[in-house]
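Chemist: Here is what each chain is made of, one letter per residue.
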Amino acid sequence: MADLPPFRVLSPTAILGYGFPSASFEAGLAMKPDVIAVDAGSTDPGPFYLGAGLSFTDRSAVKRDLRHILTAGRARDIPVLIGSAGGAGARPHLDWCTQIIREIAAEEKLTGALAVIGADMDKALLSQALAAGQITALPPGPEAQADLIDSSSHIVAQMGEAPLIAALDAGARVIVAGRCYDPSVFAAEPIRRGYPPGLALHMGKILECAAIAAQPGSGSDCMIGTLDAEGFTVEPTAPERACTVASVAAHTLYEKSDPFHLPGPGGALDLTATQFEQRGARKVRVTGTTFIPAQEHIVKLEGARRTGFRTVSIAGARSPDFIAGLDDILQGVRDRVADNFADMQDGAAQLLFKVYGRDAVMGALEPLRHQPAHEVGIVIEAVAPSQDQADTICGFARATLLHFGYPGRVSTAGNLAFPYSPSDFKAGAVYEFSLYHLLHGADPATLFPLEMSRLEAPA
Amino acid sequence: MRQLSDIASVIRSKNAGPYALTFDILFKTQADFERAVGRALINPDLIARLYGLSPQDVLSIIAFPPAHAIKATIRRPLPSGAVGDTDIYGAQQHAPLLSLPLDPDWP
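Listed in order, the protein sequences are those of chains A and B. All residue numbers for the first sequence refer to this note's numbering, where the first residue is 1 and numbers rise by one. All residue numbers for the second sequence refer to this note's numbering, where the first residue is 460 and numbers rise by one.
Since the hints were made in silico from the structure, they are not lab data. Hints may contain errors.
[Unchecked claim] Coverage of chain B stretches by chain A, computed from C-beta distances (three or more under 8 Å per stretch; other residues unrestricted): (1) 460 to 474; (2) 515 to 526; (3) 539 to 551.
Note that this is a predicted model, so its numbers are computed, not measured. Every residue, glycine too, gets a C-beta built ideally from N, C-alpha and C.
Let the sequences and hints guide you as you build the complete structure.
Modeler: Next up, the structure:
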């Protein structure tokens with residue numbers, strides 16, 4: 001493999017739409033990248049965005065980043081890969097991102113082959129797979145359930161590099177892909193060219209968060225990786241940042257339960273022999289990571305389903321006796337609301353209180369619940385089958401708590417300080433993760449359909 | 460009394476998928492990292508006690524020498540984004556670790 005020249009992958013930003021300094025991007029381009037790749041997605045922001053088919057990043061911010069990336073990629077005729085388009089990478093997200101790309105292509109007069117790769121899963125196929133025992137849990141997650149699959153609004157699978165390589169083989173110069181295993185967009189072209197998959201994927205794993213793995217870290221600044229047959233180096237393109245062994249090794253831990261074995265589509269990264277080595281002040285060299293192919297092809301499924309509608313009210317309290325008696329007071333409010341509304345009694349609607357200054361951040365994990373602050377913030381939350389029901393329960397609970405009479409009450413004009421009028425906010429549809437499971441034995445070549453078109457084609 | 464935050468450069472929490480929460484403790488020095496591993500400073504009983512969990516909800520404790528790090532992973536009380544969840548990203552669950560007292564003979 002001595003004939004593999006250094007291969008450079010530029011990662012402009014941790015999430016498409018988080019931005020990057022123009023000077024950093026220019027510095028990255030001056031290092032002559034062979035590929036520009038960016039990860040647009042995550043399940044971090046929770047189930048809403050997948051379920052609702054909406055992006056968690058702002059359209060104008062995404063368009064700004066894409067304009068820089070696409071014009072640079074086409075000017076140099078190097079591949080541009082965008083993974084987990086629109087954040088959650090389902091069809092509405094993919095269409096949203098593709099539309100932005102087409103707008104930019106028209107405005108900047110860009111040309112070239114465009115690949116769009118879907119990641120949506122067919123519910124009928126998944127129901128069959130579930131019945132055949134081909135959908136397994138990811139501990140500590142629960143077993144999959146047929147009714148949760150049926151009631152999901154969107155289900156995606158994380159694609160590996162194979163569908164991206166198919167697009168590159170078909171001549172794509174810009175690839176916009178639905179939900180991806182994060183490192184895939186960074187590793188696809190180097191793996192296609194014969195670089196070791198373990199190294200390419202590990203480099204992708206670091207690049208997918210861009211300069212977060214640098215010191216000082218940033219999710220909105222560029223990182224470049226240089227891969228060869230024996231290892232890779234990573235460095236931030238902004239001179240005021242540096243990669244250190246500590247910053248890069250620490251990133252390997254991030255959001256993972258086991259840093260030595262990182263499973264993905266088609267196999268797992270093995271870091272048991274990985275070495276991190278400082279090169280100069282700002283680069284880190286990584287060697288020794290290997291890829292262990294899996295016996296069967298496994299993809300991770302992500303699904304979300306709507307469970308109701310939410311209304312919240314935000315208030316504060318400063319009375320020491322009120323704060324001291326809060327558990328009993330909130331129970332009294334619960335009882336009044338339950339007595340007044342039948343949908344509270346049958347469990348269709350839920351009333352929750354989050355008490356900031358006491359245990360709202362950590363909930364059941366909070367060890368200092370018995371030491372509330374001198375003031376507390378209370379988020380009154382109702383979740384119900386309809387928005388109207390949620391509005392009713394939240395409003396009733398808010399009014400009840402405002403005037404609730406408790407033993408020893410001195411401040412009889414009202415228990416709550418409302419920072420806003422109106423005091424209640426419709427938070428809209430509520431979603432939950434319905435699937436976060438593994439699908440076994442599916443053929444990746446048919447799971448992720450490839451659509452080829454041209455940037456210059458009319459939208 | 461010296462505490463964990465005195466010898467760690469990073470103490471953080473984050474989701475590891477929607478059902479698990481993972482804590483990373485990065486030690487400032489290799490010596491303190493090795494001492495922490497040798498003494499099993501971070502162990503399932505400790506994590507269970509700090510967070511009011513039963514020991515079976517502490518899923519793993521793993522040392523990662525390249526980062527001078529010890530990682531502990533627990534079951535989330537509720538899945539990320541479920542009704543009643545308090546921290547969608549899981550990024551603010553680390554605080555009880557900060558003031559973990561060190562043994563009086565910790566050098």
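Chemist: Give a verdict on every hint.
Modeler: The hints, checked one at a time:
1. Only residues whose beta carbon comes within less than 8 Å of a beta carbon in chain A count, and the region 460 to 474 of chain B has 4; three or more means the coverage holds.
2. Counting residues of the region 515 to 526 of chain B whose CB lies closer than 8 Å to any CB of chain A gives 6, which reaches the minimum of 3, so the coverage claim holds.
3. Only when three residues or more bring their CB closer than 8 Å to a CB of chain A does the claim for the region 539 to 551 of chain B stand; here the count is 11, and the claim holds.
Hint violations for this structure: none, all hints satisfied.
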